[in-house]
Amino acid sequence: MNAEFNHLLKSAAKGRISRREFMGRAAALGVTAATASMLLASAARAEGPVKGGTLKAGMAGGESTNSLDPALAASEVPFMVNMTWGEMLVDVSAKGEIDYRIAEEVSSNADATEWKFKIRAGVEFHDGKTVTADDVIATLKRHTDEKSQSGALGIVQGISEMSASGDMVTLKLAAGNADLPFLMADYHLVIQPGGGVDNPAAGIGAGPYKVVAFEPGVRHVFEKHANYFDTTIGHADTVEILVINDNTARTAALQAGQVHMINRVDPKIIDLLKGVPGISIEAVAGRGHYVFIMHCDKAPFDNKDLRMALKLAINRQEMVEKILGGLGSIGNDFPINAAYPLFDDSIPQREYDAAKAAEHYKASGHDGSPIVLRTAPGAFPGAVEAAQLFQQSAAAAGIPLEVKVEPDDGYWSNVWNVEPFCASYWGGRPVQDQMYSTAYLSTADWNDTKFKNEEFDSILLAARAELDQTKRKEEYSKMAHILRDEGGLILPMFNDFVEAKRDEVAGWQPDPNGELMNGRALVKCWLNA
Amino acid sequence: MHPILKLVVQRIALGLLLLLAVSLLIFAGTEALPGDVAQSILGQSATPEALANLREALGLNEPAMTRYFKWLGGILTGDFGVALTNGQDIGQAIGQRLGNTLFLATSAAVISVPLAILLGLVAARYNGRWPDKLISGVTLSTISLPEFVAAYFVIYLLTQLIPIFQPVAMVFPGMSFWEKLQAVALPVIVLVLVVLAHMMRMTRAAVLNVMQSAYIETAELKGLGPMTVIWRHALPNAIAPIISVVVLNLAYLVVGVVVVEVVFSYNALGQYLVDHVAKRDLPVVQAVGLIFAAVYIGLNILADVISILANPRLRHPK
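If you read the sequences in order, they're chains W and Z. Going by this note's numbering, the first sequence opens with residue 49, and the numbers climb by one from there. Going by this note's numbering, the second sequence opens with residue 55, and the numbers climb by one from there.
By construction, these hints were calculated from the structure, which means they are not laboratory data. In this text the structure is predicted, and so the values were computed from the model without any measurement. It is possible that part of the hints are untrue.
To be verified - Taking lysine-lysine and the DSSO-like style, the derived pairs with C-alpha atoms no more than 30 Å apart in a straight line are:
#1 W:K272 - Z:K234
#2 W:K572 - W:K258
#3 W:K195 - Z:K124
#4 W:K99 - W:K370
#5 W:K526 - W:K498
#6 W:K258 - Z:K234
Given only the sequences and the hints, what does the whole structure look like? Please build it.
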C-alpha cells in the first residue's frame, strides 16, 4: 500500500476527513470499497477510542410504563438501560465466551452442582460503596422471590443454596448445570447494593454509567461512572437513549444527526437507506426467530402427520427474502442455529415440498376443513404477510389454511399460548440448554407448543450436567432431531438484528447475543471527533 | 344574582355532574376491557403463579365498586395514586405531560386560530373569486391528508431536504422557551395544517350567511368598504358559530393529537395514555381519561358562555 493511501487512512481514522470522502479517494487510488472499508475499521480501532462527548441512541421498544427496577425489564429499551448502568457477575462475549465482570473467576465441582464465583476486588457502586459477595447473594435472593416478579425467576429457581465467605460466592444447584455462568449473564441479574431490596428502582449499580435522568418512554440520560473498574470501555462522557417508537421518525432522527445509532431498521427501507451518505447499516445474525406454533395436545395438531404436513408446506427461502428482506437465515424447526455454541450443522435442512406435504396431509385423515392460523401485526414484524405466504404455499399442497388477523392489543394474553395455532417470536438465549428449558421441556411455563416428550426431557436434563463438550454436542443434536420431527414448532426463519449507525461512531462490533451490541453499544462505542 | 353569573354557575354545576357520569363510564369501560393488568404486565412471560401474585399485590381481587369509590375519593383529594406498571406517581407524571400537551396545543392555537379567521374573512370578502378558491382548495387538501402523512411529508421536507428542524420533538425541563419552540416547530406546523380548514370554512360560511342580511346592504349603501363591512358589521354577528368551532378545534388540539405525538416522539399526554392502555394500567387510563373529559367539558362551557355573551338576544332573555 503506498504512502498516499496510508496518509488517507490515518486522516479518516482520526476523523479529519469523512468516511465518504475517504471511500471516494481510496477508490481513485484503485482500492476496492470492501477492502477500504475493512482497513478503515481496523485503522480506527488502532487509533484508539476517543474519550468524551455525548453518544445518543434512538430506540424502538420503550414505553412510559417502564421501570428502573432491573428485574422488570422486558422490552428493548429497558434491556439497553440495564446494560448501561448495570453490571452482572459475567457477560457473554460476542464469540460466546464468558467475559468476567464483577466475578473474576468461576469454578465448579465435577458434576456441576456447586459453583464458586470469586468477586473482583475494589469494584464500586455508583453510591461509592464497594461491591461485596453479600450484595451478590442479596441480589440473587431478590430475584428468587416471586414477589419481585423478576424476568430471571426461571434462571435463579434452580439455585438451592447460596452462601458468601470473604470474596467468594458459592451457589449450590438442585441439579447439575454446566451452563450456570452463562445464565448469570442474564440482563435482569444486575448486581445492586444490598440486592436492591429497599428500593429496587433506585438505579444504583456498578455499571459504566450512572443514571442521571429517567423519563420512561421518553429518554434516559447517563453520565460516566468515574470509578468504573474497567477503563477499556465507557468512552463517552454522557450517553443518552431517546425512545422513538415510530420507524420513520427514528430513521429521520438518525439521518438528521439527532441520534448516532438506531435499532430495528425496517427491512423494507434497507435499500433506500444504503444510499444515504454518513450512515451504515449493520445486520447481525442473532438467535432470535419468528415462528408458527401448534399445540401438540389439541386437535387437529395432536396428529403428527398433520404437523409434518404443515412443516413441509412452508416456503422458508421465500419468507427470508420477502419478510426479512434477505436479512436473516432459514430455520429448520428447532430453535437453535449456528450462533449457539455446540450447534450441529450436519442436521439436514427441511425444504418446501408440496408433494410430500400433501402425502402427510392425506395420511393425517384431516376432514379438509380450513385450519385457522392466527396472527397479528405485532406478533413479529411482517407476521400478517408471513401468514399469507404460508397460506399460499400450503394451498399449493392442498392444505386449506384460514388466516385470522387478531388485534395487537391483547394478543399475548388472548391468543398466544391460548389458541392452538398462531404466529409468535422468540428472542435467543445465550446457550442451547436455556432455550430448550424455557420453552420445550414438558414442565416449562412457556412451553407454548405443549410439547411433551419423555425422551427429549431426559436427554435435556442429562446434557445440562454434562461437562464433556463432545458428548454434550451429541445430546443436543439428538434433541434437535426429536423436536424437528415430532414438535409443534414451525420455525421458518431466524431474523438478523438490523441496526444503523452514523459514520462518526467507532468501535462497533457485531454481537449475536442481543440488539445494539448486546445492549452495550453506548458503553463500547465512541465518537470520532 | 345577575342572570349571566347564574347561568355560568349553572353550566359549571352541570359540567361537574357530567364529569362524575364520565368517571363512572370510564371506570366501567376500563373494567370491560379483555384481559387484566396482571396479564398485560407480564405479557408473554405470564405464569399462573406470577399472575396470582401480581393480582394480589395490585389489589385486583377487590370488588369493582370498592375500587371505584377508593379511586374517586383519591382524585377528590388530589391523589391520583401510583401507576401499577412502574410505581411512578401518576399526578406528577401527568403534571409534566399535561404541561407539554398544553404547550403544543397553545403554540398551534396561537398560529392557527387568528390565521383561520383571517383567511375565512378574506375568503368571504372575495367569495367565489380566485382568493376564495385558492384558500379553500389549499386548506381542504391539507385537512384531507391524514395527520401522519402530513407529518412524514413535513419531516422529509424540513429535516432532510432543507434541514432546519429536528424530527424528534421531545421537550425536557431545563430547556429554554426558545429551544422548546424550536423542538415543537414540526408538530405545530402539522397541527396547524390539520385544524386550519375547519375553522376557516366555518368563519367563511358564518360571515357569508350574515352578509345576506338587510343591514349589510345598508352598510354597503352608506359607502363602507367591503373589509370594513365584514369587520364591523358581519363578524360580530357571526361570532357564535365561529367560537364553537374554534373551541371544538382547541379541544381536539388537547385530546386528539396522539398520532402526531407518536410520529414526533413528543412526550405529552396522548402517548402516555396509549402506553398505559396497552398495559391495562387502569389508574393511569382513568386519570388521563378524566382529564381529557374535563378539558372537553370545560372548553364547551366556555364556548357556551362566550356565545351567550356575544348574542344580545341570549344576553337579555325575556
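Hint-by-hint comparison with the structure:
1. A hinted pair counts as satisfied when its Cα atoms are at most 30 Å apart, and K272 (chain W) with K234 (chain Z) qualifies at roughly 27 Å.
2. This hinted pair checks out: K572 (chain W) and K258 (chain W) have alpha carbons roughly 15 Å apart, not beyond 30 Å.
3. Restraint check for K195 (chain W) and K124 (chain Z): the C-alpha separation of about 24 Å stays at or below 30 Å, so the hint holds.
4. Straight-line distance between C-alpha atoms of K99 (chain W) and K370 (chain W) comes to about 42 Å, which puts the hinted pair past the 30 Å bound.
5. The suggested pairing of K526 (chain W) with K498 (chain W) holds, with an alpha-carbon distance near 19 Å, which does not exceed 30 Å.
6. At most 30 Å may separate the alpha-carbon atoms for a hinted pair to count; K258 (chain W) and K234 (chain Z) meet this at roughly 26 Å.
Hint compliance for this structure: hint 4 is the single one not met.
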